[in-house]
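K.L.:
Using the hints, position chain G against chain R.
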Amino acid sequence: MSLHTLDAIDAARAIREKVLSPVDLIEALLERIERIDGRIQAWALVDREGARRAARQAADEAARGTFRGVLHGVPFGAKDIFYSAGLRTEAGSKTMAGFVPDYDATSVARLKAAGAILLGKLHTTEFATTDPAPTRNPWNLVCTPGGSSSGSAAAVAARMVPLAFGTQTIGSNVRPASYCGLVGLKPTFGRISTRGVIPLSYTQDHVGLIARCVEDIALALSVAAGRDPGDASSSRVPVGDYVAALTRRRAPRVGLLREFFERATPEVTDVTGQAINRLARGGADIEEAKLPPTFRAVAAAAYVITRSETASVHAERFALKADLYRPGIRSSIEMGMVIPGDFYVRALRIRRQFRREMGPLLERYDVLLTPTTPTPAPEGMATGDASFQLPWSISGLPSITVPCGLTNSGLPLGVQLISGPFTEAPLLSAAAWCEDILGRASAPSL
Amino acid sequence: MDREGLRAEYAACLRAAAERRFGAARAQDLAQTIEDAAGWLTEIASFPLGTEELPAFYLEAEP
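These protein sequence lines map, in sequence, to chains R and G. Here this note's numbering = 1-based position in the first sequence + 1068. Here this note's numbering = 1-based position in the second sequence + 41.
No false leads were slipped in.
To list a few chain G residues with every Cβ distance to chain R over 12 Å, as calculated:
#1 M42
#2 D43
#3 E45
#4 G46
#5 A49
One-sided excerpt, in silico: chain R residues whose CB lies under 8 Å from chain G:
#6 E1402
#7 I1407
#8 V1413
#9 R1420
In short, the hints are calculated from the structure, not lab data. C-beta atoms are modelled at their ideal positions from N, C-alpha and C, and glycine is treated no differently.
The shape of chain R in the complex, shown without the other chains (with noise of 0.2 Å):
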């Protein structure tokens, strides 16, 4: 097998029986990254002396039995929001040219603390909202590998890393991964802490994960949960154990959103319902659940919630350097200035009342589902509609997508699962089941 194939859990297991030493699996993955981001453009800056230095280290502690956490040696990249100390972090910006944070996101020093080396950053859209990333889909370069994580998406697709940061909050961390034919987790809001991460929408911004398979999402998340007094909206909520959860796997009670299967195409209703029939062949127990009316409101509550931060957010900067943002960006910080306060409020309201009246649905069942996104990757730099993963980022809801299929023209489709506040384990057990019943995705060829 190539090492770059390696996910991160074979990888850590490789390295812990001293099979694999850390300093080749990097050596893999440079060449890897220096054969084919030429053509992909996942990546903004590879830290390619960093991480030679790190595996060096995490070699020398394995060969003395030394292991600092379940990644020791294992590689990941992190969207270019992350801070990370001593790296130029642009956020895909010029107004952020040749800024370099002196520390690291929480989230990356947790990884860090675990012994996974940071192999670089990974392109973004502008401040992670619509004005594309350079980066292209493995799957056919044509397409959108989907964004604000784009080069997240790309990356762990074209097999350049195994694992990778990204960000949600509208659509930007579970949609790019179904492009790319991943597994993309948004956890619940406040599991991951958003401290050292450049924010987009205070009370919207959620860390997630991309990876190739659900234990690796898994793995990862059990590192990188939990409460960071450096950040207010970090839940106490106890982490749970997700790589045990794996053991309990079992076919869950599905409640299946109609709605969205009425807006897909055709090709993506088709594939998603034969999906849902190998599912329901295997066990699971499928039945049509009902969302309740405030869902009419939350696209619009959405985003006067995240026009409104934006603004608030990027106020001083902008102030000083509105020319040098792009189009888009620029737009919704000049919305969210004028749109009044008391839209603001009333949008929060909405958010709160849509999640209270989510609570029956998400008891009855182990997990909601719907196709991930409407349309599979489209053609051109435009990044894709996210409507399929909003309401579940407003309402702070975990969601997961898993690969479920391949259009006729070769591109990945996936089932995307929702779950109760905190319920990342029954979720992830959910996913492994469906991934172990749907198979993964094969790699792009490239």
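P.N.:
Relative to the frame of chain R, chain G by itself:
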């Protein structure tokens, strides 16, 4: 006022605010964005929100 009337009123208010803040030319550039936002405001204003529903700034389940 019906929804279309409400939407037109919100669009006019947003346009006026954008002109005051960014100038007439930039407000014109934002025409489509203003129309989108007026639609959101209309949806939010016309939604039958519970009167006792408080805003949620940070969302957290009980530990």
